[in-house]
Structures are given as structure tokens and as C-alpha cells.
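Visitor: Next come the chains, spelled out residue by residue.
2 protein chains.
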Amino acid sequence: MPVSSQDSTHQPGGLNLDPWYDNYARRTAGLTVSEVRALFAVASRPEVVSLAGGSPFVSALPEELIHRAFKRMMKEHGAEALQYGGGQGIVQLRERILDLMAIEGITGASADDVVTTTGSQHAIDLVTKLFINPGDVILLETPSYVGALGTFKSYEADVRHVDMDEEGLNLEALEAAIHKARAEGKAVKFLYTIPNFNNPTGVTMSAARRREVLDLCIREDVLIVEDNPYGLLYFDEPAPNAIRSLDEDHVLYLGSFSKILSPGVRVGYVLAPHGIREKLILAVESSILSPSSLNQWLVTEYLEGSDWRAQIDTFRGTYRERRDAMLLALEEYLPQLSWTVPNGGFFTWVQLPQSLDSKQMLPRATKELVAYTPGTGFYADGRGHDKMRLSFSLPTPERIRLGVRRLANVINGELEIIETFGSFDNRSADDGRFASAPPDLN
Amino acid sequence: MPVSSQDSTHQPGGLNLDPWYDNYARRTAGLTVSEVRALFAVASRPEVVSLAGGSPFVSALPEELIHRAFKRMMKEHGAEALQYGGGQGIVQLRERILDLMAIEGITGASADDVVTTTGSQHAIDLVTKLFINPGDVILLETPSYVGALGTFKSYEADVRHVDMDEEGLNLEALEAAIHKARAEGKAVKFLYTIPNFNNPTGVTMSAARRREVLDLCIREDVLIVEDNPYGLLYFDEPAPNAIRSLDEDHVLYLGSFSKILSPGVRVGYVLAPHGIREKLILAVESSILSPSSLNQWLVTEYLEGSDWRAQIDTFRGTYRERRDAMLLALEEYLPQLSWTVPNGGFFTWVQLPQSLDSKQMLPRATKELVAYTPGTGFYADGRGHDKMRLSFSLPTPERIRLGVRRLANVINGELEIIETFGSFDNRSADDGRFASAPPDLN
Chain A
1 MPVSSQDSTH QPGGLNLDPW YDNYARRTAG LTVSEVRALF AVASRPEVVS
51 LAGGSPFVSA LPEELIHRAF KRMMKEHGAE ALQYGGGQGI VQLRERILDL
101 MAIEGITGAS ADDVVTTTGS QHAIDLVTKL FINPGDVILL ETPSYVGALG
151 TFKSYEADVR HVDMDEEGLN LEALEAAIHK ARAEGKAVKF LYTIPNFNNP
201 TGVTMSAARR REVLDLCIRE DVLIVEDNPY GLLYFDEPAP NAIRSLDEDH
251 VLYLGSFSKI LSPGVRVGYV LAPHGIREKL ILAVESSILS PSSLNQWLVT
301 EYLEGSDWRA QIDTFRGTYR ERRDAMLLAL EEYLPQLSWT VPNGGFFTWV
351 QLPQSLDSKQ MLPRATKELV AYTPGTGFYA DGRGHDKMRL SFSLPTPERI
401 RLGVRRLANV INGELEIIET FGSFDNRSAD DGRFASAPPD LN
Chain B
1 MPVSSQDSTH QPGGLNLDPW YDNYARRTAG LTVSEVRALF AVASRPEVVS
51 LAGGSPFVSA LPEELIHRAF KRMMKEHGAE ALQYGGGQGI VQLRERILDL
101 MAIEGITGAS ADDVVTTTGS QHAIDLVTKL FINPGDVILL ETPSYVGALG
151 TFKSYEADVR HVDMDEEGLN LEALEAAIHK ARAEGKAVKF LYTIPNFNNP
201 TGVTMSAARR REVLDLCIRE DVLIVEDNPY GLLYFDEPAP NAIRSLDEDH
251 VLYLGSFSKI LSPGVRVGYV LAPHGIREKL ILAVESSILS PSSLNQWLVT
301 EYLEGSDWRA QIDTFRGTYR ERRDAMLLAL EEYLPQLSWT VPNGGFFTWV
351 QLPQSLDSKQ MLPRATKELV AYTPGTGFYA DGRGHDKMRL SFSLPTPERI
401 RLGVRRLANV INGELEIIET FGSFDNRSAD DGRFASAPPD LN
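Each protein sequence line maps, in turn, to chains A and B.
Position 438 (the first sequence) corresponds to 438 in UniProt numbering; numbering is contiguous.
Position 381 (the second sequence) corresponds to 381 in UniProt numbering; numbering is contiguous.
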């Protein structure tokens, strides 16, 4: 047998039928199967109202717009669209991306500093690959996107939580986390934040807080990874300008077409400080040679040939209506609970009574034909058992109402059981394995 | 300043204007800019005959076939194509992929064991991520694909060369490399081979050699990564059956639509042993959430609605004609050199006189309006200065002839200079930095 440098501590003594088990890299232990994956498969049955996923409502996009973009693409750029492209992405698209970013206050950027990626997840993966040695610290706005957390673990990062309040990242917690990590001799590589309509909480960082977080990170020499997939999908008033609009040297900005056009095209982008941009291009080439030319041209022709601003307004209207339906249903059926009121995006974050465990309750909910995402997935430290994320992006208002009604039945039923038989006592057994993103958990 | 765990040995003492320079991960030192990238940019000017790239001739694909596939896709699967998909890829495509693999003798495989990726490069990246700890050994059929070499370096692999002969991988060299690495206490994680029409040499591994290599790898417990982007593009007779057709447990098989349909769709695939398949899906999710649904459905509808076998025959005819033009031109203009005679694929591999340095000669060649790929890029150890890869996939037969004629002028001119002034003496200064794949160097 080969001499193995593999870490033998994961699944010690476990029976494993994979003959290559001892050959995997240490980091592969960080890639774990979600224990709720099987339940999500059940939740995708049509009779289940899924408030679990994070998929956009692509049916709000007239297919005619896609047909038109495709025809324009094939007519003007057919051979290019079918061929390999450059690692940085096509310049025509990168120029249109500047228009999008300008809406959120990012002006004066150059298409030269934009890199297109296979969705934002790809950008998260590449940035982590570029910066993280095993054990390096990533400061994570908490709770946060499960897919980012999974990727950070897959590079053996030391993920340190930084809690939020109603204005976003807590400044004192951030400063303390930086100092603590450095006092331990750790390299703090970056802060990851979703300042607009955070996934999972829906909370938006205030303009003042953005300035304070940035100033602290400049003072402490910490790079900010600003992930902004939902920014243009505000409901009432626009979110404050992007952190990147305040500083170009300390912020790596991630955007995506997944929520304002289609996730099926897998087109995301990064606006990066110059030196990092160079390395990102090399990382793109190393991982996929070049992003899909076809998809990049399709998005370019969509942006050039359609009123994409009006289409974003359509999406905003749809999601606003669904957010309203969600909040109304929560008030009607679960008035004893509390939840966040998002001003954009796809999610609200529900606080359950302490005695409930949202992960343990999920099978019962699924049986009652409603699904949600348990809170534990959004923490690396086992917290979140008394939280759940509810998504309003995909189901109709009627289905949202039905789903919340069913959820109320489940929650009230659980509370009755607890009242009768006592609380769950195995809550502390949560091992945080819910780390990788199942397909519908965006 | 943050405590840095970064390796300070790369570019020691160099002036670097990137303020984040000290923050990168160690592995990022393995992502280096190709020193011939600037020249390739020049080589993409229309007046230059480029024999350098590895791009397929996508114009041999009737655009009507793509239009038809797109219409079918939007009609039947529009909403799915625009939405997120699963990490493993859509099952309808995975089932069609079984038909492709069956042509090369892989029968009895299940769509369950297929994972679709963002081109084959993505598969190479993910497999390396799954298996390689820094310092782990990858055995590399040599010379080999520059993009694989770059990815291996980006995970800090210890790449060990295994030379080829006219029947493919040299068996004694392979066995010796395994034993030597293990004697040094190294973990040998996998063997990487392109058995059909190898990039860059065009050499095909014989059927007998496939059996021998497999038997050795089974005996020694070494995983084989069989990369087969060109297999269906044979000219005279089909290549021997895939190594994977002989064994399902020790071979991870990589395929791609880039050369038989379009690289612009970035759709590749892996057929993996069961346990590895599971981990690959998690790695796909961690890197990009899911491959592009739109591109996967487009390829599926192309396979279901077109005579794709006839289209592959069209490609084969085109490339055969160009191969013939290349070999004839070499015989006519450079009869004093030797080169390989490929039975498929895109490349021939030319042996230059020892006194020539193909990398140093490239600027002169570009000035004479012809480009090629210097041999050094296909080795990690600085060899290859007296080799060059010539590609016949993209230029017309007439342009190939013109390119080789220009190349002969350059080579003969260089030889004259050397005869007059003596040989280059800085050949040993080659530092192997030509490691990452520039956009047109596939």
C-alpha cells in the first residue's frame, strides 16, 4: 500500500467501502454530505411546499428575451460563442458589468479589473484557493451562506464567526476576532460578508456600518470579500452603496447574474484589486481554462438587446409580493415567533422557541408537506438549532401562505409534544456536519 | 501587519506592487504567468499562421444544429435550463454520455457513476483537489498537456515524469517511478495519461501497453486518470478501447464535448469509481454549485436531435485532411527534421536539431508570421527546448502549408546564425515557468 499523508482522524474506525479512502487529500475531509440532503430530495416533490431552496423564480423572465439574445449571439458571434475564450472572460460582457455595478455606486472601475466566473460560487472557490493555507483564518459574517462555509472548510480554513446585529456586522466582534486570531499567531486572510439582504437573515448592513467596517479593515489590513448576489433585488428603497464603492484597494467584489437573469447560465463576476485580479485569471484558467463563451455572449446580448433594468423591476415586484405574503402569513399563523423583515433578496430568518430543534423537526415538517432550511447549516459551530431560514423566492403567494400554515401546525405540534414529554436533550450532539450546499440550497 | 504563513521563497527580493502579495496561499506560487503569453497575443493577429493553439475548428459544425438544439431545449426544458441544477449534472445528459463512451468499449457503466463538469479542465482540477496534499506524487505521462501540469502545480503536487515510447507510456519507467517515490516515503496519488493522440505528441498507447499499464497500476494500487478528449477523432483506424473498458475500479475516465461539439459550452464529464464519484459531486458543488443547466440541456438536445455520429465523421475528415497537409508540408520544407505521425487528434510533435531552442526562436517566428508551441511547456523539468508542438486543427490546409514554409525559413535562418556565431548558451537557464495554460493553448 502507498505511504499515505492522509489525515486518519476523520471517520476513525468507520467501515468504509471506498478502496481509495486512504488516498484522499486532508482537505477532502472538509467535503461532507449534507445530512438533510435526502430530505431535500423529498422536499422537491410537487406536493411539498418548499420554503427551503434559494432558487430564483426564472419563470418571471419572458423566454422571448432569451430566444432573442440567442439569435443575436449566433448571428453576430456564433463562431466565438462556440470556441474557447480567454480566462478573464469576454471584454464586451465585462464592459456591460460596469453598468450593473454603477447602479450600486461603483463608478470609475475598469473592465480590465473584472473577471468573469462560473457563477459566484466559482469566485468564492478561487479566492479561497488563492489565499488560504490550512489553518488560515477567514472572518465570517454570521450566520452566512452555507455554500461559502462549505468551500472555506474544503480548503481547511479556520473559520471564525463574527456576529451581526440589526445594522449588519458587529464592529466590536469583528475587531475582537481580528485581534484574537493574531494574538494566536494566525494569519487573517479575509472577511466574508453579504451586506445586502444577507443569506440567510435578510439583514442589510447600514451605510454607516459599511464605512466603519471598511475603516477597521483598512486599519487592520484585512481584505473584504463583498458578496452581492441580491443587491439589485430591493423592495422598498435601494440598499446603501456597495462597500467597494468606498474603496478599491481593500475590497474584492463578487456579483452574479443568477438572481437577476438566470442561474442556469452560471455567469458571475469579480471586481478585484489589480494584483489579485492577475492571480484570479490564472486561477480561472487552472480550474476551467475559460468560462463558457456561449453563456457569456448570451448574457452580453441579453444586456445589449433587452431592457434588463425593467426586467429587474419585474423580479423586484414579484419578490416583494412574495415577501409580503410570507410576512403576513407568519403574523397570522405564527404570531408568537419573531423573524426578520427583509428589504430585498429571498429570505426571512425565524427565531424559534429555544426548546425546538429545527433540524430534528424537519422530517416531521416534510411529512406535513412543508420544507425549510434548518439554522445550523449557516454556522460552523453548531449554533442555529432554534433558527430556520424561510425562502419566498420560488413559491407563489398562495403556496407560501399554505406552507406557513402547515409549518405552524408542525411547530405547534412539536411544542405540544415537548410540553407533554419534555424537551429534546440531544441538541448538543449537533456536529456541524451540515456544511456542504445541497443542490437547492443556495 | 498580519502574521503570514506565506512562503517567502517565491520571487525573493523582487519588487512587487501588489499590497496583498504576502497574503497569498503557498499554492498560489504555482500559478504563474506564461512567459510566451504576450507572444500568443501577437500570434492571434490574422496575418500570423498560428500552429500554436489547440482550438477545434468549430466552423465545421453547422450552426443550424445548434439553433435546432436550442429551440428544442427551450420548448421542452426552458425553465429547467434557466434554473440551478444538481451537482452531478442532469441525468438525461449522463445517459447520452454512456452512448459516447460505449464507442470506445466502455459498456455496462451506469449514468449514476457519471459526473458532468465545466469542461475536462474542471475535472482535472477537482480530482487534483480531492487527492493531492502538498508534496504528494502525481505520475505524469511525459510530455503532457500543459493545462494539467499547471493545475497539478497549483496544488503543490510533486510531479514525476514518466517517459513515453512509440507505444505510449514506458512500463519500466512507470514502475521505477512508483518504486522510487515510495522508497522516498511519498504518497503516489495517481497516474495521468492521455492514451489517445496524446497532447502534445499525437502518440497513441497500444492495446497491449494499456493492458500492461493497467496491470501494473492494479498491482501497485495506483489510480489511473485517463484523459480522453480526442479519442473519437481518429483518422485511419479507431484507437484501442479505453483503459477504463478493461477495469472499473482503478480508472477515473475523463471525457469532453469540447472537440466533438464545442468548447464554448464547457461540458466535460467523469466516469468514476463509486466512492470517488460521491466526493467529486461534493467537489463540483463546492466549486460551482452546479454545472450550467443551459449548456447541459443544449448538449443533450444536440445528442438527441442530431446525427452527432455523422458530425464526428465530418470533424474527422476535416482534421485528417489537415493532418495530411501538415505532414506533406513538413516533408517538403523541413525534410531534415523528424516528427510524429498522429492517427488522430490535433497535434504533431517535431524534433529540432539540438542546437535550436524553440522558446528562444519563437519571437523570430512570430515576426515571420508563424507561431507554434515550444516544447518546454509540456515538461515540468525544463526539457523540451529542442521540441515543438504543431497544431493542425484550426488553420486550413493552405494556411498550414504556408505556416510550415515560414517555419522552415525561421529554422533554417536560425541554423545559419548558429553555424556562423555559435549555439545559444543560455539554454540551461530555462526555469520551467511556462506552466499555466494561456487561453489558446489547449
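Hint data in this document are derived by calculation from the structure and do not stem from the laboratory.
Just so you know, not all the hints are guaranteed correct.
Identical copies carry no separate label here, and so any pair may be met within one copy or between two of them.
To be verified - List of simulated lysine to aspartate or glutamate pairs, EDC-like, C-alpha gap at most 20 Å:
#	residue 1	residue 2
1	Lys-180	Glu-76
2	Lys-75	Asp-18
3	Lys-367	Glu-184
4	Lys-75	Glu-63
5	Lys-186	Asp-22
6	Lys-359	Asp-22
Treat the numbers as computed from the prediction; the structure is a model and nothing was measured.
Visitor: Hints first: check each against the structure and report whether it holds.
Guide: Here's how the hints hold up against the structure:
| no. | hint | verdict |
| --- | --- | --- |
| 1 | Lys-180 x Glu-76 | neither (56 Å within a copy, 55 Å between copies) |
| 2 | Lys-75 x Asp-18 | neither (49 Å within a copy, 41 Å between copies) |
| 3 | Lys-367 x Glu-184 | neither (47 Å within a copy, 56 Å between copies) |
| 4 | Lys-75 x Glu-63 | both (18 Å within a copy, 10 Å between copies) |
| 5 | Lys-186 x Asp-22 | between (29 Å within a copy, 14 Å between copies) |
| 6 | Lys-359 x Asp-22 | neither (31 Å within a copy, 41 Å between copies) |
The structure does not agree with the numbered hints 1, 2, 3, 6 stated previously, though it agrees with the rest.
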